[in-house]
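K.L.:
Chains A and B supply the protein sequences, listed in that same order.
FYI, the UniProt record's numbering numbers position 13 of the first sequence as 13, with every residue one higher than the one before it.
FYI, the UniProt record's numbering numbers position 290 of the second sequence as 290, with every residue one higher than the one before it.
FYI, nobody ran anything at the bench for these hints, they're computed from the structure.
Small disclaimer: the values here were computed from a predicted structure and weren't measured.
Using N, Cα and C, we set each Cβ at its ideal position, and we do this for glycine too.
Don't take every hint at face value.
[Unchecked claim] The list that follows gives simulated cross-link-like pairs (lysine-lysine, BS3-like), each with its CA atoms no further than 27 Å apart:
hint : chain 1 : residue 1 : chain 2 : residue 2
1    : B       : Lys215    : A       : Lys274
2    : A       : Lys435    : A       : Lys458
3    : A       : Lys408    : B       : Lys4
4    : B       : Lys75     : A       : Lys64
[As the list claims (entries may be wrong)] Here are the computed distance ranges between Cβ atoms for each label pair:
hint : chain 1 : residue 1 : chain 2 : residue 2 : range
5    : A       : Asp335    : B       : Arg247    : 41 to 49 Å
6    : A       : Lys534    : B       : Thr231    : 39 to 47 Å
7    : B       : Ala240    : A       : Thr522    : 37 to 45 Å
8    : B       : Lys201    : A       : Leu471    : 50 to 58 Å
9    : A       : Glu283    : B       : Val272    : 39 to 47 Å
Letter by letter, the chains look like this.
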Amino acid sequence: MANLCMLPEMKKSVSDSKVFVVGAGGIGCELLKNLVLSGFRNIKVIDLDTIDVSNLNRQFLFQKRHVGFSKATVAKESVLCLCPTANITAIHDSIFNPEYNMQYFKQFDLVMNALDNRSARNHVNRMCLAANVPLIESGSAGYLGQVTAIKRGVTECYECRPAPRQKSFPGCTIRNTPSEPIHCIVWAKYLFNQLFGEEDADQDVSPDTADPEANESGDNSKVKHQHAQVDAERKSTREWAKENEYNPSKIFNKLFAHDIRYLLSMDKLWTKRKPPTPVDWSEVESNSQTSVSEKDIQSVLSLEENAMLFSESIQNLKQKLENEDEDGILVWDKDDTPALNFAASAANIRAHIFGIETKSIFDVKSMAGNIIPAIATTNAIVAGLIVMQALCILNKQFDKCKSVFVRKCVNPAKKLLVPCCLDPPKPDCYVCAEKPEITIAVNIETFTVAELKDQFLKKHLGMLAPDVEILDGKGTILISSDEEDSGSFDFDRPLADFNIINGSRLRADDFLQNYDIIINLTHETKFENEEIFKVLEQTGVAQQQKSADVSATQDNTTVNNTNNDDDDDICILEENVASPEKKRKLQQSPNHDDHNSKAKRRKVSESQNDSSVLIID
Amino acid sequence: MAEKEKKYDRQLRLWGDHGQRDLENASVCLINVTATGTETLKNLILPGIGSFTIVDGGRISGQDAGNNFFLDPEKIGEYKSKVAMELLQELNPDVKGEYVEEDVSQLLERTPQFFTGFSVVISGSLTLTVLKKLAALLWPHKVPLVVCLSYGFLGYIRIAVEEHAVIESHPDNAHEDLRLDDPIEDFVKFCDSIDLESLDKKDHSHTPYLIILFKYLQTWKNDHNGQVPNTWKEKKQFKAAILAGVRKNAEGVPEDEENYDEAAKHVNTAFVPNKIPPELKAILDDHKCLNITDSSSNFWILANGLRQFVQNEGCGFLPLRGSLPDMTSDSERYVKLQNIYQAKAAHDMQIVSNYVSQACSSLGCGNGRVSERDLKRFCRNAHFLRVLRTRSLEEEYKQPSKAVIDEFTSDSNSDALWYVLWRAVEMFYTTHGKYPGIEDEELEMDVSRMKSFVKDLMKSWGIPGAIEAVSDDSLQEICRCGAAEIHSVAAYMGGVAAQECIKLITGQYVPVSGAYIYNGLKSTSLTLAV
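Extracted from the complex, chain A is given alone in its bound form (with noise of 0.2 Å):
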């Protein structure tokens, strides 16, 4: 019935089209019923994860007998036994796989994303650019949604818009000072990774005895004696753990009694604040044989009862580590019982000790697993749009296609969808600018390749495997992406070393993701916080337009999304949606009412970035 409303060049076009959808969760799942509803026949999907019981109040597609299984093949069967008709490859794998490479892309005349982290969305934006296919790009959260359609030359593409600052905190903060309850959560996971999970040197949870503001002045040679004692005794958390068979009592009295009373002896750090209060296991220690983890997890338990999910959930996790081999570890999950607990119980007994407002299992679970609501409403709202704009791809015309934002509630205007012109690319768009160049500050003598690859070319960048050349007339090469795995380089020395100086440029290339940068470096000493480098200029020419009818530019609004491997279909924080007039162009001229209400909107969505979801990992 639906093909009655299509003219038959129409109808062909879909039917013949060759789609890609990349994630098969909230959004996927809707996605591909209405593709193959709506007469596509040939779709591949891909998604690496597999289902999950919080999945199931949503991905439709899938049932209780299913968790544990391929999102993407279970998706084509559900889908396949209603409508056996259409022709869909299930792929169980990861986007990033090489294999998907330009020319794999260019088989397909639309790609869908249906993602819920921002580095799947970046690579895939690259390569949709590169294989010069359209893409749609969309997102939920709770009630909010974003469609938005991308291609090469005429649109702006998914990196255009500078990617939301993260929230992160000093290292200090977390070890030393807490004062709001997610230093405390943060602190949590990251001794869960120490005592069960993936060790790393930047998730240490005991006192920071370099912290600056410790040592601001006078004598410190006792702290310092005392220092080289505390490291030595601390070398693998792990391993004294271990020594002392996880043996909660012991684990307790150590980080929240003896680390806590060290951190009294820094005595420069409680001159403006109030000292934490150092508990002892036997002040807690509790008789009482009823099982906390029974309890409501929307209610705030009280030190004692934290203290005894703590040591309850210790020994759930020690039991779950013996099962693992030798060298097994646990990984950090929101979702698995103990771990959450033991999350919860020790940041709350930490924010006790602080005097820091402590949460209830729900709300840490909120902060510590980044958790985005998520319903089927609001998915299938997204998916319907996904394929409207979908249609007018195929239909050739683009020019139709919008960003379009779900709001929360009707605004003034009395609208719940805010349809925005799409934008041109921006010029200085360090993705698909052609010629796009990058001008960053680094310390040469110290700022190593090492730094250079990781820190930069790939985290910021989004690169996944570069090649990096020095301009200086021979062709010298720094870093090579086959050398990589063979470990012959020698990363950990300063950029200096190699005859780099400031203004010197270098050329970074993504052979994947068919994409380069030149990258001119100045030399700097002066960082702030923690940081190695500084972005100083972005320039570029913009893709040539071939498109007349893209409106004017607007600047700055942005399609974010949270950098954390969740299994929630999102991508959207903080102003972009809460109010897209704010800063774009609206499609239709506002009226008076909207006027009245820009103000009043604008303030919202202020409190709301203070609000806005935190950003963790």
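Could you slot chain B onto chain A? The hints should help.
P.N.:
For chain B alone, coordinates are given in the frame of chain A:
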């Protein structure tokens, strides 16, 4: 954690345990198996409503199955209600499904009481006679009717409910309830006990901003005839005064005092006068609030108690909300402040509670009618209470609302056009027994027929000139689609309609008041109080 809590974890964060409980107690009826209807049900079954019932006397055709995910193409010829119910039930084993393979008109004739026991009744497009009959049946029983349909690129939802009270409207822009304009006695005492000048460095920089604001406000009022800073300029001066209070070190450089920054930052919002918003005023003056009876709902009994509080002890103010925002502070003083606010909130709530108990006993209904929890939720959300009343279908079809006329005549691009066209389609169907554009050879004729229906409608609305706003293109479009249900539109509408049903069932968030129109051609939407 219980299995259920895990399964529903991501949504509990939106509507809480009590919202989930309401959902699990709800029974929903779907009349006629359309793609829009089953998509709506899907989105209600996944989050876990209690039960659903599908009423449809029709059997599956090839066309139905091609468009509806919940009609198995291998079961052509079987009852739609049965097949859709079975497939939908698979989505969530916690939800109970039933079906009736009988036409809605027969069922309405035979056992009308069948429909009045549901929490919500959802219906696709029905003939006008049946729709009006159904609506007239549900209205006095206070069962919300949600009509939802997809017609080509048009999506339409109409909610008809006599009254829907919302305690938790989850506003986006709630100001903190700090009462700096009418400070709590204990708060004043506490502030007076603190002398900022004499505090040591640590205590000075850890004095909660609320106290700083209050102290500077007292000074300001003394210098300004008791007025708070109102204009932008005054607020700017006031901010500057606060920031001048930041301690300076020996070299005269200001210290880093976050609490003073916070105080300055909150100047704009902290003095918002603590007025009763107009929507709430209307609720407190509603005849249902003034005249409660033993058949009044808890909402109105609570509203009555609230009204008495405002008139008497509250001296025109609402009960204090009792929550404090986060702020830089030492725990001792923060906890002290928290206690002051919480104690006052509890005190206010007790007074409301007394009024409610008095009312209950004088009405002869038990004292346990209103739980402590409900009372608390009510008082906390007092500022944001909402009552939604839509017009009935009877009124709607008798004469258009002012909102419809205004919207349609003031903006030629308004999607209100599609409401007008949908009404004309209904007239077309009533006269011709079929939808316009169903037969290709009659397409042109149907376009001109539609135009004359629109003309008739405009005439009956008293705006004959408005026909000019109805373009031939739009008439062509509504006829061209031939009543087809496009799946992507159905999927979208299923999401929106289910969301509205969840709002109606949980009493949280504010549903659209009347109609919701989706224009798939432009990705625009409009709500309209029809």
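K.L.:
Does each hint hold? Answer for all of them.
P.N.:
Hints and how they fare:
Between lysine 215 of chain B and lysine 274 of chain A, the direct Cα distance comes to roughly 24 Å. Compliance with the 27 Å bound is thereby established for this hinted pair. About 19 Å separates the Cα atoms of lysine 435 of chain A and lysine 458 of chain A, which keeps this hinted pair within 27 Å; it holds. For the suggested pair lysine 408 of chain A and lysine 4 of chain B, the alpha carbons sit about 26 Å apart, so the restraint of at most 27 Å is met. The hinted pair formed by lysine 75 of chain B and lysine 64 of chain A meets the criterion: a straight-line CA distance of about 25 Å does not exceed 27 Å.
The supplied range of 41 to 49 Å is met by aspartate 335 of chain A and arginine 247 of chain B, whose beta-carbon atoms lie about 48 Å from each other. For lysine 534 of chain A paired with threonine 231 of chain B, a C-beta distance near 41 Å keeps the hint of 39 to 47 Å intact. Alanine 240 of chain B and threonine 522 of chain A have their C-beta atoms about 39 Å apart, which keeps the hinted 37 to 45 Å range intact. Between lysine 201 of chain B and leucine 471 of chain A the CB atoms are about 54 Å apart, so this pair conforms to the stated range of 50 to 58 Å.
The beta-carbon spacing between glutamate 283 of chain A and valine 272 of chain B, approximately 45 Å, falls within the hinted interval of 39 to 47 Å.
Going down the numbered hints, you'll see the structure goes against none, and every one checks out.
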